[in-house]
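Colleague: If you want the building blocks of each chain, they are given just below.
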Amino acid sequence: MAVVFKKTEALTDTVMHYCPGCGHGIVHRLVAEVIEEMGLQEKTVGVAPVGCAVFAYRYFNVDIQEAAHGRAPAVATGAKRVLGPDSLVFTYQGDGDLASIGTAEIVQAAHRGEKISVIFINNAIYGMTGGQMAPTTLLGQKTTTSPYGRDKELCGSPIRMSELLATIEGSAYIERTAVNSTANIIKTKKAIQKAFGAQVNRKGFSLVEVLSTCPTNWGKSPVESMDWLEEAMLPYYPLGVYKEV
Amino acid sequence: MAKVTINEERCKGCGLCVRACPKKIMQLSKTKLNSKGYHPAEVTEPEACIACAACARTCPDVVIQVER
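The listed protein sequences correspond, in order, to chains C and A.
Taking my numbering, the leading residue of the first sequence gets 1, the next gets one more, and so forth.
Taking my numbering, the leading residue of the second sequence gets 1, the next gets one more, and so forth.
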């Protein structure tokens, strides 16, 4: 029998600590598959965030460096500049990490046109710390720090990072995708291929924003979470390519 | 003939494969529990499987292998 699908070599056999139905596992697999298919497993350095993906080094079968909260792009900048253009350096960051405490880092990394790739997981909430409101939390969305729903007057509107970073001259490839369906999961993988390709071809900064789920902190089942992603997140965070140089 | 192999011990019973299956032939086991206490996914009609691997691609824990 021919194998249609099997686990990639670029993932370890360690059981992931993520909650049932968490989108992180899907995106981990996609990133690992792309690394393996590009034959860059030995030349890759990943930079893990603070957040639920803090243990990414256990799951990726490539070298991973941990960074302080939000500082993954700065660490990746150093790794890429030392290792040179033949390396593949990526960061894997959540929305609390990238869009809140790390906003200056990500904007300046894009501004400098650092030849790194960023995998940005947007699930509209802080996961690891217990479901607090994130900059990406939708208006009206209930979290532990917005128990009556996010109020625009008080907290502003959710930040759209892909649109913001696409306006920066140094960015070469910016796309927003989602993990809500098989088709969108396949599109996410293609986006990661393009982002890594932009880095390998020395075009500049690349980022893939992946709309994902947090069933535990959203207070929904994994399946309900995918439906909520479609109903609530997709209208506010339109999918598509925002920059391609 | 398609063959879906599920690593039941590592399945967290999230049900995303059940949602993704276009043939609607997956379910969370009503009789089995793994050592973590989850009801693992299973294929109800293996002969109806078209080996599209939609279940495997949506599985966050990469516990499904598909052969044809």
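I should point out that these hints are in silico values taken from the structure, not numbers from a laboratory.
Predicted model, so just to flag it, every value in this text is computed and none were measured.
Where is the CB? At the ideal position from N, CA and C, for every residue including glycine.
Do not rely on the hints blindly, as some may be mistaken.
Below, a list of computed lysine to any residue pairs in the SDA-like style, where the Cα atoms sit at most 20 Å apart [said to hold, decoys possible]:
id: 1; chain 1: C; residue 1: K6; chain 2: A; residue 2: E8
id: 2; chain 1: C; residue 1: K7; chain 2: A; residue 2: E8
id: 3; chain 1: C; residue 1: K6; chain 2: A; residue 2: K32
id: 4; chain 1: C; residue 1: K6; chain 2: A; residue 2: I50
id: 5; chain 1: A; residue 1: K3; chain 2: C; residue 2: F5
id: 6; chain 1: C; residue 1: K7; chain 2: A; residue 2: K30
id: 7; chain 1: C; residue 1: K7; chain 2: A; residue 2: K32
The following residues of chain A were derived to be distant from chain C, with all beta-carbon distances above 12 Å [what the hints assert, rightly or not]:
id: 8; residue: R10
id: 9; residue: K30
id: 10; residue: T31
id: 11; residue: E42
id: 12; residue: D61
id: 13; residue: V62
Colleague: For every hint, state whether the structure bears it out.
Modeller: Cross-check of the supplied hints:
1. The straight-line distance between the Cα atoms of C:K6 and A:E8 is roughly 15 Å, inside the 20 Å bound, and the hint therefore holds.
2. Between C:K7 and A:E8 the CA atoms are separated by roughly 15 Å; this keeps the pair inside 20 Å, and the hint holds.
3. Between C:K6 and A:K32 the alpha-carbon distance is near 24 Å, which puts this suggested pair outside the 20 Å criterion.
4. Proximity of C:K6 to A:I50 is assessed by CA-CA distance (about 16 Å); at most 20 Å being required, the pair is judged to hold.
5. Simply put, A:K3 and C:F5 have alpha-carbon atoms about 11 Å apart, close enough for the 20 Å limit, and the pair holds.
6. Between C:K7 and A:K30, the direct Cα distance comes to roughly 26 Å. Violation of the 20 Å bound is thereby established for this hinted pair.
7. Between C:K7 and A:K32 the alpha-carbon distance is near 24 Å, which puts this suggested pair outside the 20 Å criterion.
8. Distance check for A:R10 against chain C: the nearest CB is about 6 Å away, which does not clear 12 Å, and the non-interface claim fails.
9. Non-interface call for A:K30 relative to chain C: holds, since the shortest CB-CB distance, roughly 17 Å, exceeds 12 Å.
10. Distance check for A:T31 against chain C: the nearest CB is about 19 Å away, which clears 12 Å, and the non-interface claim stands.
11. For A:E42, the requirement that its beta carbon stay farther than 12 Å from each beta carbon of chain C is met, with the minimum near 16 Å.
12. Separation of A:D61 from chain C is inadequate, the least Cβ-Cβ distance of about 5 Å not exceeding the 12 Å criterion.
13. Not every C-beta of chain C lies more than 12 Å from that of A:V62, the closest at about 5 Å, which undercuts listing it as non-interface.
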